[in-house]
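A.B. asks: Protein chains in written order, with the numbering used here: chain A, 1 to 562; chain B, 1001 to 1667; chain C, 2001 to 2100; chain D, 3001 to 3167.
Keep in mind the hints are simulated off the structure, nothing from the lab. Just so you know, these numbers come straight off a predicted model, no measurement behind them. Backbone N, C-alpha and C define an ideal beta-carbon position, used for all residues, glycine too. Each hint should be verified, as a subset may be incorrect.
If you want a taste of the chain C side facing chain D, the calculated C-beta under 7 Å gives, among others [to be verified]:
(1) G2021
(2) L2023
(3) M2038
(4) L2039
(5) S2045
(6) N2055
(7) V2065
(8) T2067
(9) A2078
(10) I2081
(11) V2092
With a straight-line cut-off of 25 Å between C-alpha atoms, the simulated PhoX-like cross-links for lysine-lysine are [to be verified]:
(12) A/K111 with A/K189
(13) B/K1066 with B/K1212
(14) B/K1024 with A/K369
(15) A/K369 with A/K275
(16) B/K1164 with A/K448
(17) A/K369 with B/K1025
(18) A/K448 with B/K1024
(19) C/K2085 with D/K3024
(20) B/K1027 with B/K1164
(21) C/K2085 with D/K3164
Below, a sample of chain D positions facing chain B; criterion: calculated Cβ distance under 10 Å [said to hold, decoys possible]:
(22) F3098
(23) L3105
(24) F3106
(25) L3143
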Amino acid sequence: MSQLPLLSILTFLPLIGAILLLFMPKNSHGAIRGLALAVSAVTFVASIPLITGFNPTGGFQFVENVPWIAAGPFQMSYHLGMDGISLWLIILTTFIMPIAILSTWTAVEEKVKEYMICLLLLEVGMIGSFVALDLFLFYIYWEVMLIPMYFIIGIWGGKNRIYAAVKFFIYTMVGSLLMLVALIALYFKAGAGDFSILRFYELNLDPVTQTWMFLAFALAFAIKVPMFPLHTWLPDAHTEAPTAGSVILAAVLLKMGTYGYVRFAIPLFPDAQAKFMPLIATLSVIGIVYASLVAMVQQDVKKLVAYSSVAHLGFVMMGIFALNQQGVAGGMLQMLNHGVSTGALFLIVGFIYERRHTRMISDFGGLAKQMPIFATIFMIVTFSSIGLPGTNGFVGEFLVLLGAFESSMRPWAIIATSGVILSAVYMLWMFQRVMFGELSNPKNQNLKDLNAREIAIMIPLVVLIFVMGVYPRPFLDTMAPSIDNMIAQAKKKQAVAMNVPAGMINPHAGIPGAPPITMPAPAGEAAPAAQAAPAVPTAANPHAGIPGAPPIEAPAAAPENK
Amino acid sequence: MFEYVWLIPLFPLIGVVINGLFGKKIKNEAVIGGIATLAVVGSFVVACGILFQLLSLPGEERHFVKTVFTWIQCGPFKADMAFLIDPLSALMLMVVTGVGSLIHLYSIGYMHGEEGFYRYFTYLNLFTFSMLLLVSGANMLVMFIGWEGVGLCSYLLIGYYFHKKSAGDAGKKAFVMNRVGDFGFLLGLFTLFYYMGVNHNVWTVDFTELAKHADLIPVGGVTTVVCLCFFLGATGKSAQIPLYTWLPDAMEGPTPVSALIHAATMVTAGVYMITRMNYVYIKSPTALLVVACVGAATALFAATIGTAQNDIKRVLAYSTVSQLGYMFLALGCGAFGAGVFHLMTHAFFKACLFLGSGSVIHAMHHALHAEHSSADPQDMRNMGGLRKKMPITFLTFLIATIAIAGIPGFAGFFSKDEILWQAYANPFHGPVNFVLWAVGATAAGLTAFYMFRLVFMTFFGETRLSEKAWHHLHESPIVITLPLMVLAALSALGGWIGVPKVLGEALGGLPNMYEHYMEPVLAYSTEYMHTAGLHGLHSEAAEWGLMGVSVLIACCGIAVAAALYVVKPTIPAAFTSTFPALHRAVYNKWYVDEIYDFLFVNPCKALGQFLWKGFDVVVVDGIVNGVAAVFRGFSGILRHVQTGFVHNYAYSMVLGVVVIVACYLFR
Amino acid sequence: MLALNNYLIVSAILFSIGCIGVLTKRNAIVIFMCVELMLNAVNLSFIAFSRYLGNLDGQIFVFFVMTVAAAEAAVGLALMIAFYKNRESIDVEDINVMKL
Amino acid sequence: MESIFFIVVAAVAVISSLLVITCKNPINSALSLVMTFFCLATFYVMLDAPFLAVTQVIVYAGAIMVLIIFVIMLLNIRTETAKRSSHAVFAGSALGIFVLFQTCLFLMRGGMTGAPGPLDHAAIVKAGHVELIGKALFTDFLLPFEITSILLLAAIVGAVILAKKKI
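Next up, chain A with everything else stripped away, as it sits in the complex:
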């Protein structure tokens, strides 16, 4: 790639758009929408070179590092970079934005200019958070995201919007303030220098410090994800937000939390990760089952989808905490899937809301007859959300569960797998009640099928649903090296902390020391063999388990149990 600061361009293009919008006349709605759409589309196009120029090596690319603030001992740098983990999240953001802007093309009629400015500022924050490698910069973007979203919910939302907006804001703020404290503490632990995450990766923190810092970071991210007991802001925010708000919230904002775990919480505090794994796994599983059960009895379509988000994100969290190649890759993929499918679901809910101004399931029924195209798209998206093989949902979910099953989270994984059943129950029941049955409500008799704009919004998503389901290789392959790095990083530190020889670090074996199903030989026997191996550091490579004779083979010689 040339020396073009692509990431900066990407981050600030929407900002330029927002500034341009400031100078637009207030009442020319068409031009305002057009400009906003154009800007977001250009941003998307500008993000394409990230894929083409991406070099799947695992390191950070497109790096920009400029000293920024030097206030006495504090140094913050404008440090951007991107790896396989953030690549697709950036693309997802730039991809979802034009769709989100199109989605409320006609629904938002008031303060259009301000609305579009908010959306574009939101995009700045989102892209910025994904590319920032300086923790301080990350924090700034993290907060930048919050404000436009607050306004989007609070100004253009539904009836109960103020409550929802304030709840969203305060919930998130509580977490991020704790994160700020931990971030500063981390900085002091690291000694003089800048806030670069790369520098923090090298730290060896004692377990107690790790615990506290992890808790602070984890809380901030857990609220954003959201994980089980901290999830109640989500249904409210989703229900009250305008369609574009819901779409962005679901597709990108929630990913900030999980991304935070992958990028910060786990590699920075691996011991704490190991320590809190059972807790997080339990919360994730509770989240999956609980949210599914609650989703089942919802009467409001949008709320149902919101709760389904909680369940889906529970899967993502499980995958990430499995901390092996499949789990993390599955989790990452599931993030993208959730962005696509749930984003699409919110768009769909938006479509019928625009037509009927209600989201109550009981107000519908039999729409399939009146709106066949809508029904087809809705169905595809529903099945993607359920995780039907061939659609995107399956690949992610499968890898997550497989990864979790291979780690020491096995018991949790088994319960989580039951989420597969529950998701089918609530989604299909909702689909049935909305789309099937008699077209009894007279208000539904004259519903129009999707118009060209709406179909144009949905087609890319539907195509993506199938592409990611049938050929997920490009996604997985680009992520793999970065994920390997991340895992190796975390495991190496865990191993150091536990005095386990590096040879035992094998992502496939899950957390070291966790007993596999019927692995007859104790881990201790494997250890000397591993130490004897000449290339101990390379054994940390997650691929070590596949072809040759890696240390894990030691138990293979043991007799079978019958």
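Given chain A's structure and the hints, the job is docking chains B, C and D onto it.
C.D. replies: Quick look at chains B, C and D alone, frame taken from chain A:
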């Protein structure tokens, strides 16, 4: 030809795309139906080519994997989009495409004039596509696409008349039940994959790879867990206890769908899957016992319900459940070949039966429509004497019924007899063998009874239709009867490829072609049983004896049916009034649906309600809003400090300064 | 030269008097004048310190204080006029729109 | 001699400032304040800050006080309409006296030390006070100085906006 195996699923997929995207524009039923049917016929032709090529190879070379592209690769996990050709998959391909094409053809006639004609054929093609993926997938993941895909299509097709609530419910039920099975499938897959990977460094979900390393699969222990998990998957898909309840409800779909999905193909997926993994199952006697017991129990249980149903399709549905139970009984006895053999013959005669019932319903529907009657065209109590008006349907139906009843010479006899013999003679279950056989034989008798009850009530006796309706009753058109005839011929003759050894020798050395054909697939299991010293009973006398008994039981069943429904039609009513509770229980399917509702569905809903209203809103949001309320309360008190008078602010400011300075001064 | 404390005590007395004025008067203009008095008292300290330390920084500060005072006078008096226009009074006890 | 002069001036300053807060008529208060300002200017001269003394007279006693008196005249406020309640006055006075007490205490403690710089009386006279201030303002304090202009501009704009009913 092997290289082109990917064409087999591709053709129906093309059909899906064409009909799905443009079907609404095409409008012409002949074109839509033609495209869909041609797609399946195309697959059938390719499948034939593959079968012939396969047959031309020596046994041990009958194995081919065609990898199209790598689907998922992540760490050690790798799943290719790959197709496997071996005798088993070739047979299944033939059955699916063969029966599938006939049903497509039939559907053109049956679905004539339906709203959403194109939708129907899109779904049907999609179903065929999924089923073909299922049976030709070279690894568990590709199989799982098909596995879930058929579940999806069955959801769509059962819910085809979506404006009916019952149809939507049935579709949902089918999908969810299947999902419960999928849960098991996934767990089994995870366990097997992980166990083999961690302990033997065989990270694979590929059938060929697994078979190659079959020696590493331990006996019992983990294998039992794996097998039971997979079996849960199979019970979901193949409608076994405890997950069978969706299948009878699935009769809400159009009749050809019932024939295709719920008789010939989809429900056999479980049988196929277990056979595909026979080298795993053979290692776990416990799992085999469970499979056999569940199979036998289902066979008997469903048969009892079948005896009391009046809806023609429901009888057939329970019969399907029961016959699937037979197949699992065979699998559980380690007779994988016999299970698949019954699968094949069952596909022929059950498809024939369903299509025949479709023909009857079609005719009844028109007849009743003509007199504007709202009577149920599927209720056998409205039929009777139809053989006069619908001779072809009657004849084909009768042949299929004889086949399912197990009358010697017809397809069902050979397969069912083989299963019963294996149940008796297998080396796995010791004393339980006799029980299994006895249950199987009883179920066979019941099968003969309720099937002939169906035939007698429908085709014999005097009609219970009104004059006008009777007048409007006609034999179905040729697109409907042609598939019937083909299937009837297959039900009559299809069994002769697998003649039991004793019978073959008695008849002058007829070979058991089927057994020979399946050998490569089951090679490992056979060898394993051999080395492990597991030998079944060998006694020609016993075999002859059992054969005789089973034929006798079948004949008894027919005789009882004839006695009750032709000779003395008053007896059933008398019986019903004597044992009303029993009849009610059987008629209401032993209240299993109600029990499930009580045990799972309602508690789940109640729990959901509680968690939402009780926990989410009250506890979690209560805490959140409570914190806010506490702050608000405090500020409510504190706000009184803000009097709004400038002086007060000035005072407090100066006071503040004084205090601060004082702190500094007097510390 | 006189001792520094002399100036500082005068400054303190003036400051306190200004302070008392601010706290006890009701006429906004008088209060305003008292504020000016306080500012001047501080100015005196500044200059005294500056002189005794032999450093000009304090005097520069006084310069800025004067500027601020001028700006304050402009805005403050404008406020008073505006308020008077509204309420026909410049009694601070009438300025209570911030009350609950 | 100097100390006697100082005491006289200081007494005048204190008395006139007391008049500021005791007079009922705002005009009288204002005039007393002018008197105080003059006294302060005298102090400035005594402290070798003639430039500031001049500025004090021109800006404070001249410009600002004229403005205040002008406003008083404009609004035609003769006397204070109502007195503060006596205990408010008492509390305010007590607080003010306490402030004075504290400050004096602070001064008693001493500690007002610091290294004397190079600018003594002779140096200031030699270099000239205006030059010294000017140099400091336009070198070291240039930026604050310029920013002050913005402050004044803002004050002007604010005053205009407040004073006008409609813009």
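A.B. asks: Now look at each hint and say whether the structure bears it out.
C.D. replies: Hints, one by one, checked against the model:
1. Interface restraint check: C/G2021 against chain D, minimum CB-CB distance 4 Å, threshold 7 Å, status holds.
2. Given the 7 Å rule on beta carbons, the hint for C/L2023 holds: about 3 Å separates it from the nearest Cβ of chain D.
3. About 10 Å separates the beta-carbon of C/M2038 from the nearest beta-carbon of chain D, more than 7 Å, and the hint is not met.
4. Of the supplied interface hints, the one on C/L2039 is violated, with its beta-carbon coming no nearer than about 9 Å to a beta-carbon of chain D, more than 7 Å.
5. The beta carbon of C/S2045 comes no nearer than 10 Å to any beta carbon in chain D, farther than 7 Å, and the hint placing it at the interface is violated.
6. Given the 7 Å rule on beta carbons, the hint for C/N2055 holds: about 4 Å separates it from the nearest Cβ of chain D.
7. Because the smallest distance between the Cβ of C/V2065 and any Cβ of chain D comes to about 10 Å, over 7 Å, the interface hint for this residue is violated.
8. This hint holds: C/T2067 has a C-beta 5 Å from the nearest C-beta of chain D, less than the 7 Å allowed.
9. Contact between C/A2078 and chain D, as hinted, is supported at the beta carbon level, the nearest pair being about 4 Å apart and thus within 7 Å.
10. At about 6 Å, the closest approach between the beta carbon of C/I2081 and any beta carbon in chain D falls short of 7 Å, and the interface hint on this residue holds.
11. With a cut of 7 Å, the hint placing C/V2092 at the interface with chain D is violated, because the nearest CB-to-CB distance is about 10 Å.
12. Between A/K111 and A/K189, the direct Cα distance comes to roughly 47 Å. Violation of the 25 Å bound is thereby established for this hinted pair.
13. Simply put, B/K1066 and B/K1212 have alpha-carbon atoms about 17 Å apart, close enough for the 25 Å limit, and the pair holds.
14. Restraint check for B/K1024 and A/K369: satisfied, since their Cα atoms lie roughly 13 Å apart, inside the 25 Å limit.
15. Between A/K369 and A/K275, the direct Cα distance comes to roughly 54 Å. Violation of the 25 Å bound is thereby established for this hinted pair.
16. Among the hinted pairs, B/K1164 with A/K448 is consistent with the structure: their alpha-carbon atoms are about 22 Å apart, no more than 25 Å.
17. Between A/K369 and B/K1025 the alpha-carbon distance is near 17 Å, which keeps this suggested pair within the 25 Å criterion.
18. With a C-alpha separation of about 17 Å, the suggested pairing of A/K448 with B/K1024 holds against the 25 Å cut-off.
19. Between C/K2085 and D/K3024, the direct Cα distance comes to roughly 23 Å. Compliance with the 25 Å bound is thereby established for this hinted pair.
20. With a CA separation close to 24 Å, the supplied pair B/K1027 and B/K1164 stays within the 25 Å bound.
21. Of the pairs offered as hints, the one joining C/K2085 and D/K3164 holds, with about 11 Å between alpha carbons and a cut-off of 25 Å not exceeded.
22. Because the beta carbon of D/F3098 sits about 6 Å from the nearest beta carbon in chain B, less than 10 Å, this interface hint is met.
23. For D/L3105, the shortest C-beta to C-beta distance to chain B is roughly 6 Å, which falls under 10 Å, so the interface hint holds.
24. At a threshold of 10 Å, the smallest CB-CB gap from D/F3106 to chain B is about 6 Å, leaving the interface hint in force.
25. Given the 10 Å rule on beta carbons, the hint for D/L3143 is violated: about 30 Å separates it from the nearest Cβ of chain B.
Consistency with the previously given hints fails for numbers 3, 4, 5, 7, 11, 12, 15 and 25, ordered from lowest to highest.
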